[in-house]
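Colleague: In case you want the letters, here they are:
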Amino acid sequence: MLRIEGLQSGYGRIQALHGVDISVAEGEIVALVGANGAGKTTLLMTICGNPRASAGRVVLAGEDITGLATHHIMRRGLAHSPEGRRIFPRMSVLENLQMGAAMADPAHFAQDLERVLGLFPRLAERLHQRGGTLSGGEQQMLAIGRALMSRPKILLLDEPSLGLAPLVVRQIFEIVAEINREQGVTVFLVEQNAFHALKLAHRGYVMVNGKVTMSGTGAELLANEEIRAHYLGGGHG
Amino acid sequence: MGGKARALAVDAALGGLVAAAMALPMLGVRLEDGATGLSLGGRFDWVLWAAGIVAGGRLLIGALRLTLAGRGPSLPAPPRALITYVGWAMVAFALILPFLPFAGRNMVDKATLVLIYVMLGWGLNIVVGLAGLLDLGFVAFYAVGAYSYALLSQTFGLSFWLCLPLAGMLAAGFGLVLGFPVLRLRGDYIAIVTMGLGEIIRVVLQNWQDVTGGPNGISGIERPSFFGLSFKMVPPEGSRGFAEFFGLDYSADHRVIFLYFLILALALLTNLFTLRIRRLPVGRAWEALREDEIACRSLGINPTTVKLSAFATGAMFAGFAGSFFATRQGFISPESFTFHESAVILAIVVLGGMGSQIGIVLAALLLVGLPEWFRELQQFRMLAFGGAMVLIMLWKPSGLLSTREPAIRLKDAP
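From first to last, the protein sequence lines are chains A and B. Numbered according to this note's numbering, the first sequence spans residues 1 to 237. Numbered according to this note's numbering, the second sequence spans residues 238 to 651.
Everything labelled a hint here was simulated from the structure, so no lab data went into it. Bear in mind that the values here come from a model prediction, so they are computed numbers and not experimental data. Careful, some of the hints might be misleading.
As the list claims (entries may be wrong) - If you want a taste of the chain B side facing chain A, the calculated C-beta under 10 Å gives, among others:
1. Ala242
2. Ala246
3. Val247
4. Arg521
5. Glu524
6. Ile531
7. Ser535
8. Arg641
9. Ala644
As the list claims (entries may be wrong) - Over 12 Å on every C-beta distance to chain B, these chain A residues come out as not near it, computed from the model:
10. Asp21
11. Gly27
12. Asn36
13. Arg86
14. Val93
15. Glu95
16. Ala165
17. Pro166
18. Met214
19. Gly216
Where is the CB? At the ideal position from N, CA and C, for every residue including glycine.
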């Protein structure tokens, strides 16, 4: 579904990714965990074409999308829920969801809306409220729901747990699992919260300083001593 | 309470001091034309008046704040239905205004001027209020519209009705061209660059003597006709006059009233367009872009086309308004398109509450109508402008009507 080969990228002269190889198969949930500043967000942004990759390839469903403009990449069955949620604060929840469907066929808007509101009943209750007045968890739901409105084949999630209470994090991760299980959406998830992410994911990668240092199934990585010591703080949760 | 009262008095005294310092060179000194030539005279009583008014004003505002402090938010946002009713009432009033007994020619003329600014405000609102691009050179497109009509009409003898869409298209074209350098910029930088571009257009108009007539401008611009019926006292050969056709006595008022309805129609067209387009994907993309450009990109929206379309659309309405201005005045020169105009239009949009259609009407009434009403006071006219601005900023710092209404609702929604 998504294959990343030897990807290098960065901002100006600062290189953030030093040759990253990752593959995500159709129907999988793959988690990329790592510390702050490891380059996780940069990787997602580079997949989306901003910043452009300086070397390596991104292949989406057999098509090389490296170097395409962001808005062209986003029309190829890929959706991105960006870091920090980035919902439209002065627009209503419904308008936010409409924006998510901006590039989709308007014929199935009603159907997609129903599907997303089914996943996030909280959004249905707040449909005409301004996005900025939602709680953090609701905003995250809105960000994911908005991304789903374009009927993506693969969903890129950037830190969905950021700044949320543990209970809300669990809720959101359950919904991500449901999106994957029930609707067959492939998920590539980037997280600092390694415990939840690896528990959810089929497979995982660990990123340190712009390089992938470890990979394996979610269970394998969770059991790994080094990961427990570095990212799980002795295994809480 | 004692401490607060003292703080209030100190604040008022400081305000008075600042006012006195500013008024001294501006009001306190004047040139006097005496028998022995020019001499410097004092007018210190005026300085005292200015200082007193400012100090008193500060005291009053401070006292009001203190007494109102405990009462919670002063006014809830007016409900949506009310705003709609007020809007329709305003349209109805505008339609019958020229026929009201107290509305003389003078009043209709002033209303026409206010409507020009309402239309410009609504046009700029697309760029600033919806798309969030801070455009300080909007008057450039107004100028392009005005000169387009003047030149097309004088060179090719085209009628106003043919020139109107052409002027709009030309202005939109300029919007696209001037939009390009702005694409990569954000916020304040857009303001600086658009301000420069606006001035460039004016300077070109001023210096391109062969085409634009330079500082002398273009005079004798064709007045509009009512579907071919002239408003002139003596209609040109082979055509009939408006008054004659409808069996009325000739009156110069007919043209004034016609121009009023013309700008009313143009302004309402702008309004209708904005209200409609907010519900369409393009309009929604403009608003989303104002909110968060990065999020827009990640939703597959191309910010380049979205920004350019907003720029061009706003420019088109300024072009329409410009042609109207040219045909109303019959004379245009670069003088009419200075930076001051851009600033006034932007003030109308910002004080109206960024994105609120009715707020813009109210702001235009206050900022353009009020100084016109005070025209008899001559040099104090601009005080009304400044005063209106200060009052709005004190009373409603985020604009007169700053609540944004969602463009769509589901039918079963509360």
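Colleague: For each hint, tell me whether it holds in the structure or not.
Modeller: Outcome of the hint check:
At its closest, the beta carbon of Ala242 of chain B sits 38 Å from a beta carbon of chain A; the interface hint therefore is violated under the 10 Å criterion. Given hint, Ala246 of chain B at the interface with chain A, is violated; its Cβ is 40 Å from that chain's nearest Cβ, farther than 10 Å. Against a cut-off of 10 Å between C-beta atoms, the interface hint on Val247 of chain B is violated, since the closest Cβ of chain A lies about 38 Å away. The interface hint given for Arg521 of chain B is met, as the beta carbon of that residue sits about 6 Å from the closest beta carbon of chain A, less than 10 Å.
At a threshold of 10 Å, the smallest CB-CB gap from Glu524 of chain B to chain A is about 6 Å, leaving the interface hint in force. A least Cβ separation of about 6 Å between Ile531 of chain B and chain A falls short of the 10 Å threshold, and the interface hint therefore holds. A hinted interface residue such as Ser535 of chain B counts as satisfied when its beta carbon comes closer than 10 Å to some beta carbon of chain A; here the least separation is about 4 Å, so the hint holds. With a least beta-carbon distance of about 5 Å to chain A, the hint placing Arg641 of chain B at the interface is held under the 10 Å criterion.
Nearest Cβ of chain A to the Cβ of Ala644 of chain B: about 7 Å, under the 10 Å cut. The hint holds. A cut-off of 12 Å between C-beta atoms confirms that Asp21 of chain A is not in contact with chain B; the least separation is 24 Å. Annotated as non-interface, Gly27 of chain A keeps its C-beta farther than 12 Å from every C-beta of chain B; the closest such distance is 23 Å. For Asn36 of chain A, the shortest C-beta to C-beta distance to chain B comes to about 20 Å, beyond the 12 Å cut-off, and the non-interface label holds.
Annotated as non-interface, Arg86 of chain A brings its C-beta within 12 Å of a C-beta of chain B; the closest such distance is 4 Å. Against chain B, the non-interface label of Val93 of chain A is violated: not every CB pair exceeds 12 Å, the least being about 9 Å. In this structure Glu95 of chain A is not separated from chain B by more than 12 Å, as the shortest Cβ-Cβ distance comes to only about 6 Å. The non-interface label for Ala165 of chain A is consistent with chain B: the shortest C-beta to C-beta separation is roughly 24 Å, beyond 12 Å.
The Cβ of Pro166 of chain A sits about 26 Å from the closest Cβ of chain B, beyond the 12 Å cut-off, so the non-interface label holds. The claim that Met214 of chain A lies off the interface holds: its Cβ sits roughly 28 Å from the closest Cβ of chain B, which is beyond the 12 Å cut-off. With a least CB separation of 29 Å from chain B, Gly216 of chain A remains clear of the 12 Å interface cut-off, as annotated.
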